[in-house]
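Quick note, the sequences are listed as chains A and B, same order.
Just so we're aligned, residue 16 is where the first sequence starts under my numbering, counting upward by one.
Just so we're aligned, residue 16 is where the second sequence starts under my numbering, counting upward by one.
These are computed hints drawn from the structure, not numbers from a lab.
Some hints here could point you the wrong way.
[As the list claims (entries may be wrong)] To give a feel for the contact side, a few chain A residues facing chain B, derived at Cβ under 10 Å:
no.: 1; residue: Lys18
no.: 2; residue: Asn20
no.: 3; residue: Ala38
no.: 4; residue: Arg94
no.: 5; residue: Arg99
no.: 6; residue: Glu103
[Said to hold, decoys possible] Have a look at the derived ranges for each label pair, beta carbon to beta carbon:
no.: 7; chain 1: A; residue 1: Gly123; chain 2: B; residue 2: Leu51; range: 40 to 50 Å
no.: 8; chain 1: B; residue 1: Asn20; chain 2: A; residue 2: Arg31; range: 36 to 46 Å
no.: 9; chain 1: A; residue 1: Asn20; chain 2: B; residue 2: Val96; range: 18 to 28 Å
no.: 10; chain 1: B; residue 1: Glu30; chain 2: A; residue 2: Trp72; range: 45 to 55 Å
no.: 11; chain 1: A; residue 1: Arg78; chain 2: B; residue 2: Gly124; range: 41 to 51 Å
no.: 12; chain 1: A; residue 1: Ser70; chain 2: B; residue 2: Glu105; range: 19 to 29 Å
no.: 13; chain 1: A; residue 1: Ala122; chain 2: B; residue 2: Arg99; range: 10 to 20 Å
no.: 14; chain 1: B; residue 1: Ala122; chain 2: A; residue 2: Arg78; range: 26 to 36 Å
no.: 15; chain 1: B; residue 1: Glu104; chain 2: A; residue 2: Arg78; range: 37 to 47 Å
no.: 16; chain 1: A; residue 1: Glu39; chain 2: B; residue 2: Arg99; range: 20 to 30 Å
no.: 17; chain 1: B; residue 1: Glu53; chain 2: A; residue 2: Gly95; range: 39 to 49 Å
no.: 18; chain 1: A; residue 1: Val101; chain 2: B; residue 2: Glu30; range: 20 to 30 Å
no.: 19; chain 1: A; residue 1: Arg80; chain 2: B; residue 2: Arg80; range: 23 to 33 Å
no.: 20; chain 1: B; residue 1: Glu103; chain 2: A; residue 2: Gly95; range: 37 to 47 Å
From the three backbone atoms N, C-alpha and C, an ideal C-beta is built for every residue, glycine too.
Protein chains: 2
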Amino acid sequence: MDKINLAEKLSLFSERWSPKIIAELNGQHVKLVKSLGEFPWHHHEHEDELFYVVSGWFRMDFRDRSVVLRAGEMLVVPRGVEHRPVAEEEVSLLLFEPASTVNTGSAGGEHTVAQPAWI
Amino acid sequence: MDKINLAEKLSLFSERWSPKIIAELNGQHVKLVKSLGEFPWHHHEHEDELFYVVSGWFRMDFRDRSVVLRAGEMLVVPRGVEHRPVAEEEVSLLLFEPASTVNTGSAGGEHTVAQPAWI
Chain A
16 MDKINLAEKL SLFSERWSPK IIAELNGQHV KLVKSLGEFP WHHHEHEDEL
66 FYVVSGWFRM DFRDRSVVLR AGEMLVVPRG VEHRPVAEEE VSLLLFEPAS
116 TVNTGSAGGE HTVAQPAWI
Chain B
16 MDKINLAEKL SLFSERWSPK IIAELNGQHV KLVKSLGEFP WHHHEHEDEL
66 FYVVSGWFRM DFRDRSVVLR AGEMLVVPRG VEHRPVAEEE VSLLLFEPAS
116 TVNTGSAGGE HTVAQPAWI
């Protein structure tokens with residue numbers, strides 16, 4: 016029950032596309048991730064995902080449209096919906112999702128982090 | 016799948032201690048609440064609660080200690096743990112908790128909002 020400072024946690028790592036767990040509750044994880052560039056298209060079969068922009072901005076591509084998100088904005092991607100995060104500049108994101116969620120979902124591949132670390 | 020801007024949502028209401036739902040995922044709700052003053056001591060039997068400070072600051076009292084939280088900081092209160100939020104100035108909080116969570120938990124009373132509204 017210690018407080019978690021997002022800026023402090025973000026200062027602890029620089030790797031991109033590698034989510035770090037900062038909290039767990041009700042079977043859900045809260046994660047931080049730094050992203051730059053294009054992530055693979057994927058979906059999650061059983062998990063809805065929340066993306067919240069801590070700093071910077073990024074674009075979430077869906078098959079039929081895109082949504083630009085800036086600091087202080089969030090988006091829920093429902094299970095089953097294909098999506099692709101694209102960051103033209105480095106963005107720091109907070110994710111809320113079930114503890115079972117694997118970052119690349121259906122896609123797998125080199126970006127897969129099956130067991131994210133706690134920081 | 017529209018984006019949710021926290022500042023914009025916060026501009027839509029001024030009531031205190033009355034959580035508003037802004038998103039739902041995996042059986043969890045994301046809520047915003049404005050608080051000022053002392054909330055009753057309570058606990059939640061079955062729900063862990065996450066508090067994230069969007070703006071301002073507040074103090075979370077536990078029976079044996081207190082934690083001060085400022086903008087950009089979060090805290091998870093595990094189920095069963097008695098707590099009391101105290102805001103000496105108005106604070107805007109984001110909550111992440113199961114959809115079943117009632118704000119006053121075990122305590123009930125005049126602050127109870129059994130069915131929070133969506134905004």
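Evaluation of the provided hints:
no. : hint                              : result
1   : Lys18                             : holds, 5 Å
2   : Asn20                             : holds, 5 Å
3   : Ala38                             : holds, 5 Å
4   : Arg94                             : holds, 8 Å
5   : Arg99                             : violated, 13 Å
6   : Glu103                            : violated, 17 Å
7   : Gly123/A with Leu51/B: 40 to 50 Å : holds, 49 Å
8   : Asn20/B with Arg31/A: 36 to 46 Å  : violated, 25 Å
9   : Asn20/A with Val96/B: 18 to 28 Å  : holds, 21 Å
10  : Glu30/B with Trp72/A: 45 to 55 Å  : violated, 31 Å
11  : Arg78/A with Gly124/B: 41 to 51 Å : holds, 49 Å
12  : Ser70/A with Glu105/B: 19 to 29 Å : holds, 24 Å
13  : Ala122/A with Arg99/B: 10 to 20 Å : violated, 45 Å
14  : Ala122/B with Arg78/A: 26 to 36 Å : violated, 47 Å
15  : Glu104/B with Arg78/A: 37 to 47 Å : holds, 45 Å
16  : Glu39/A with Arg99/B: 20 to 30 Å  : holds, 23 Å
17  : Glu53/B with Gly95/A: 39 to 49 Å  : holds, 44 Å
18  : Val101/A with Glu30/B: 20 to 30 Å : violated, 38 Å
19  : Arg80/A with Arg80/B: 23 to 33 Å  : violated, 48 Å
20  : Glu103/B with Gly95/A: 37 to 47 Å : holds, 45 Å
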